[in-house]
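For the sequence shown, our numbering assigns the number 1 to the initial residue and increments by one for each residue that follows.
No lab work stands behind these hints: they were computed from the structure. Possibly wrong hints are sitting among the right ones.
[As the list claims (entries may be wrong)] If you anchor each label on the Cβ, the simulated ranges turn out as follows:
{"#": "1", "residue 1": "Arg-4", "residue 2": "Leu-30", "range": "16 to 24 Å"}
{"#": "2", "residue 1": "Gln-69", "residue 2": "Ser-7", "range": "14 to 22 Å"}
{"#": "3", "residue 1": "Arg-29", "residue 2": "Gln-69", "range": "26 to 34 Å"}
{"#": "4", "residue 1": "Leu-30", "residue 2": "Lys-2", "range": "28 to 36 Å"}
{"#": "5", "residue 1": "Arg-31", "residue 2": "Lys-2", "range": "28 to 36 Å"}
[What the hints assert, rightly or not] Pairs of lysine to any residue, SDA-like flavour, derived with a Cα cap of 20 Å:
{"#": "6", "residue 1": "Lys-94", "residue 2": "Asp-40"}
{"#": "7", "residue 1": "Lys-22", "residue 2": "Lys-79"}
{"#": "8", "residue 1": "Lys-91", "residue 2": "Ile-59"}
{"#": "9", "residue 1": "Lys-14", "residue 2": "Ile-92"}
{"#": "10", "residue 1": "Lys-2", "residue 2": "Gly-56"}
{"#": "11", "residue 1": "Lys-22", "residue 2": "Gln-34"}
{"#": "12", "residue 1": "Lys-14", "residue 2": "Met-61"}
{"#": "13", "residue 1": "Lys-79", "residue 2": "Gly-46"}
{"#": "14", "residue 1": "Lys-79", "residue 2": "Ser-23"}
{"#": "15", "residue 1": "Lys-82", "residue 2": "Ile-92"}
{"#": "16", "residue 1": "Lys-27", "residue 2": "Leu-86"}
{"#": "17", "residue 1": "Lys-26", "residue 2": "Ile-93"}
Ideal Cβ placement from N, Cα and C applies to all residues, glycine included.
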Amino acid sequence: MKIRDLSVGSARVKVEGKVINKSEPKKVRLRNGQDASVADALLEDGSGSIILSLWGDQIGMVEVGDKVQIINGYVSNFKKEKRLSLGRYGKIIKI
Numbered sequence: 001m002k003i004r005d006l007s008v009g010s011a012r013v014k015v016e017g018k019v020i021n022k023s024e025p026k027k028v029r030l031r032n033g034q035d036a037s038v039a040d041a042l043l044e045d046g047s048g049s050i051i052l053s054l055w056g057d058q059i060g061m062v063e064v065g066d067k068v069q070i071i072n073g074y075v076s077n078f079k080k081e082k083r084l085s086l087g088r089y090g091k092i093i094k095i
């Protein structure tokens, strides 16, 4: 699948791309009252780019310049931006 083909609501997404930017992690308070770390990475392939939301341990799994494959991700809309997330069942694999 290509990034340009991703739309809000897409599930079981399998896509490859290069991490071209990554934000510093920040702490957020979850609805359940717990704190969590989150960072955004910009993932790009030849067809386009999308924000990849990284939570907790996922943040250290990728760095700028890495080529990665996302397996079983999903696409949502947050703050009017289309975002790719892994959730509980998704995986990041460096390629």
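Lys-94 paired with Asp-40 [C-alpha distance capped at 20 Å]:
17 Å, holds
Look at the Cβ atoms of Gln-69 and Ser-7 and judge whether their distance stays inside 14 to 22 Å.
The hint (14 to 22 Å, Cβ to Cβ) holds, given that Gln-69 and Ser-7 are roughly 20 Å apart.
Tell me if the straight-line CA distance from Lys-82 to Ile-92 falls inside 20 Å.
With Cα atoms ~19 Å apart, Lys-82 and Ile-92 stay inside 20 Å; holds.
Given the hint that Lys-27 pairs with Leu-86, does the C-alpha gap stay at or below 20 Å?
18 Å, holds
Are the Cα positions of Lys-26 and Ile-93 separated by 20 Å at most?
Distance ~23 Å between Lys-26 and Ile-93 Cα, so the pair is violated.
Straight-line alpha-carbon gap Lys-79 to Gly-46, limit 20 Å
Between Lys-79 and Gly-46 the Cα gap is close to 25 Å, so the pair fails against 20 Å, i.e. violated.
Restraint check for Lys-22 with Lys-79, where alpha carbons must lie at most 20 Å apart:
18 Å, holds
Just to be careful, I want the Cα atoms of Lys-22 and Gln-34 compared with a cutoff of 20 Å; is the pair within it?
24 Å, violated
Lys-14 and Met-61: Cα distance at most 20 Å?
Cα-Cα ~17 Å, so holds.
For the pair we were handed, Lys-79 and Ser-23, check the Cα-Cα distance against 20 Å.
16 Å, holds
Holds or violated: Lys-2 with Gly-56, Cα cutoff 20 Å?
26 Å, violated
Hint says 28 to 36 Å; check whether the CB-CB distance for Leu-30 and Lys-2 agrees.
32 Å, holds
Violated hints for the displayed structure, listed by number in ascending order: 1, 10, 11, 13 and 17.
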